[in-house]
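Enquirer: Each chain, letter by letter, is given below.
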Amino acid sequence: MNAVLQAANVGVRFRVGGGTWPRQRLLTAVEGVGFTLGRGETLGVVGESGCGKSTLGRALLGLVPLAAGTVSVDGHRLDRQSDARLRDLRRHAQMVFQDPQGSLDPRMTVGQSVAEPLEIFEPRMSRNERRARVAGVLSQVGLAPAHADRYPHEFSGGQCQRVGIARAIILKPSIIVCDEPVSALDVSVQGQVVNLLAGLQGELGLALVFISHNLAVVRHLSTRVLVMYLGRPMEQGGRDDIYGRPLHPYTRALLDAVPSPEPGRPARVPLAGELPSPLAPPQGCVFSTRCAWANDLCRRARPALDEARPGHQVACHRWREWPGGVPRRED
Amino acid sequence: MITYVLKRLLGAVPTLALIVVLSFLLMRLAPGGPFDEEQALPPEIKANLERAYGLDQPLHVQLGRYVGGLLRGDFGPSFKFKDFTVTELIAAGLPVSLGLGALAMIVAVLAGVPLGVLAAMRHNRPTDHAVMAVAVLGIAVPVFVVAPLAALVFGIHLGWLPVAGWAPGQWRDVVLPTLTLALPIVAYVARLTRGSMLDVLRSPFVRAARARGVPRLRLVWRHALPAALTPVVSYLGPAAAAVLTGSLVVETLFGLPGMGRYLVQAALNRDYTLVMGVVIVYGAFMIVLNLVVDVTYACLDPRVRPGNSR
Chain A
1 MNAVLQAANV GVRFRVGGGT WPRQRLLTAV EGVGFTLGRG ETLGVVGESG
51 CGKSTLGRAL LGLVPLAAGT VSVDGHRLDR QSDARLRDLR RHAQMVFQDP
101 QGSLDPRMTV GQSVAEPLEI FEPRMSRNER RARVAGVLSQ VGLAPAHADR
151 YPHEFSGGQC QRVGIARAII LKPSIIVCDE PVSALDVSVQ GQVVNLLAGL
201 QGELGLALVF ISHNLAVVRH LSTRVLVMYL GRPMEQGGRD DIYGRPLHPY
251 TRALLDAVPS PEPGRPARVP LAGELPSPLA PPQGCVFSTR CAWANDLCRR
301 ARPALDEARP GHQVACHRWR EWPGGVPRRE D
Chain B
1 MITYVLKRLL GAVPTLALIV VLSFLLMRLA PGGPFDEEQA LPPEIKANLE
51 RAYGLDQPLH VQLGRYVGGL LRGDFGPSFK FKDFTVTELI AAGLPVSLGL
101 GALAMIVAVL AGVPLGVLAA MRHNRPTDHA VMAVAVLGIA VPVFVVAPLA
151 ALVFGIHLGW LPVAGWAPGQ WRDVVLPTLT LALPIVAYVA RLTRGSMLDV
201 LRSPFVRAAR ARGVPRLRLV WRHALPAALT PVVSYLGPAA AAVLTGSLVV
251 ETLFGLPGMG RYLVQAALNR DYTLVMGVVI VYGAFMIVLN LVVDVTYACL
301 DPRVRPGNSR
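Chains as they are written, first to last, in the working numbering: chain A, 1 to 331; chain B, 1 to 310.
It should be emphasised that the hints constitute simulated quantities derived from the structure, not laboratory data. Treat the hints with care, as some may be off.
To be verified - No more than 25 Å apart at the CA atoms, straight line, and that leaves these computed lysine to any residue pairs for SDA-like: (1) A:Lys172 - B:Met27; (2) B:Lys46 - B:Met27; (3) A:Lys172 - B:Leu219; (4) A:Lys172 - B:Arg210; (5) A:Lys172 - B:Arg216; (6) A:Lys172 - B:Asp301.
What the hints assert, rightly or not - Now the stretches of chain B that chain A is said to cover, found in silico as 3 or more residues with beta-carbon under 8 Å: (7) 135-148; (8) 230-236; (9) 290-304.
All residues carry an ideal CB built from backbone N, CA and C; glycine is no exception.
Using the sequences and the hints, build the whole thing.
Expert: Here is the structure:
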């Protein structure tokens, strides 16, 4: 496979607690994440709020420093780069953010915002050419070229997200990291933006990292899915494996938490308890405090990320007990 | 935009009229009058004086005459500076105060904004702490302490600059008063800039710009600073009105023939016409500078552009 984005054992840590050394503590936001992504593929990253999805996305683009592991974009190592080189890599890897309106400079017209990457990376391009490129990407994302002279506050959230996408694709990157790109939008608009992303991916051969807590959207878009909990990978595999035969109890719990549209089927609460603090992760398996299947071993030793099937990895001591996937618990 | 400015200026007329009437009445409410001295004047002489200045007329007649004079551009005679009209006094003092104030404002913006930006970019590092320490000092130490100290150090010990005085064309006379006048504003502007820069640097659109590969300098000057300047600009308007019309302390301590001393002296002297004149000039500055602030907002932020009702 021709990999455009490779991550191995990625770890991100933050100092928290302010003050000076004795009172500062290290928060492990992401640990041990690895994957490979080729052209035209989409990796869906799912997990609860605060599980490190967004941090992972930022680490992939070098927006937060890596504490461990490596990230390669088109074969170039992202870590240990000077700021200038890192910026150069931004040509190839762009990001679409969660807050579409907030991510646009309110003082710039949409056209200026979309053109800015060109000004930075292709300063010799003529004004006319730049205008033409802006008009081109605007129509690619379903906006009119005339919209270029308007300001972000004149647009709806969905339109702003289209602008955000236009800005991300204008440099023809090979990778786009989408951090919850549709969670701030109305459901009807979510569909439009998701379809736009899927269409652009096909057209441009993009590799997408799609971070979301919306399992239905991830299922629609992804080729592979990474399930995270407390900053650690729980399970990773092809979309159909993850959704069809999940091998990790946490994945099962997430899937079961999706409300069913069937009438008469009561909503279940598959996950009890609070998310543990990432400052004090549980001993053993990080999920053991909330797992319905946890035993003594789970509470004592952290499971390794096993290759259960080719391309399907799971971090659970008991996955071998469930060849057809974790069974549903009908309480 | 031009119609907007004209509309605002037209709207300022009633404001100014209100200022005139209120300050006129308030001055008359204060006990005493312009001709009360420690030694009481003989009643006949006082009555004569009051008749000469029209103070024996009913209040509304006096107000009517004063406003009539104003409309013809006549601020009336000063009661205390004999033989001078208020117009002459202001014409003599205002240019000095105006020049000094303008210099101080320029220094304040050119020093305060970059210092604030620097502190924000080095947030919680030694540079930040140093800038903020100086800023707190600049705000906390009053001008009447700074001015004599500056005169002592730079004027007497180092001998670089004159201690006081004012001669045309002598730039050295201007340095110490300007810096003294500017110091608290520099400090305040630096603090405001730092605070709002810190906010803006954390906002999603700045993070998004960084992700797009916008270089650091461009990020700060092009994206973050215009957004961060709003509170600074709104502070600068009234601050400029105060500084441009003169500072009593600075002008007194450095012996400058500005307008700052007029207001306090005139109020103590019950020099009705001079107080009115200074108040009107100050009010007019306030109105114009607030208009400038609003126009600047519109330049900084497309969302508040007039006629932009979407």
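Enquirer: Hint by hint, say whether it matches the structure.
Expert: Results of checking the hints against the structure:
In summary, the hint linking Lys172 of chain A to Met27 of chain B is not supported, as the alpha carbons are separated by about 72 Å, beyond the 25 Å threshold. Proposed proximity of Lys46 of chain B and Met27 of chain B is supported: the alpha carbons are some 19 Å apart, at most 25 Å. For a cut-off of 25 Å, the pair hint linking Lys172 of chain A to Leu219 of chain B stands: about 22 Å separates their Cα positions. Distance restraint check for Lys172 of chain A and Arg210 of chain B: the Cα-Cα separation of roughly 18 Å lies within the 25 Å cut-off, and the hinted pair is therefore satisfied.
With a CA separation close to 22 Å, the supplied pair Lys172 of chain A and Arg216 of chain B stays within the 25 Å bound. Proximity of Lys172 of chain A to Asp301 of chain B is assessed by CA-CA distance (about 30 Å); at most 25 Å being required, the pair is judged violated. For the stretch 135-148 of chain B, the stated coverage by chain A is violated: 0 residues have a C-beta nearer than 8 Å to a C-beta of that chain, whereas at least 3 were required. Here the stretch 230-236 of chain B counts 0 residues with a CB under 8 Å from a CB of chain A, which misses the bar of 3, and the coverage is violated.
Coverage of a stretch by a chain is defined here by at least three residues with a beta carbon nearer than 8 Å to that chain's beta carbons; for the stretch 290-304 of chain B and chain A the count is 4, and the condition holds.
The structure does not agree with the numbered hints 1, 6, 7 and 8 stated previously, though it agrees with the rest.
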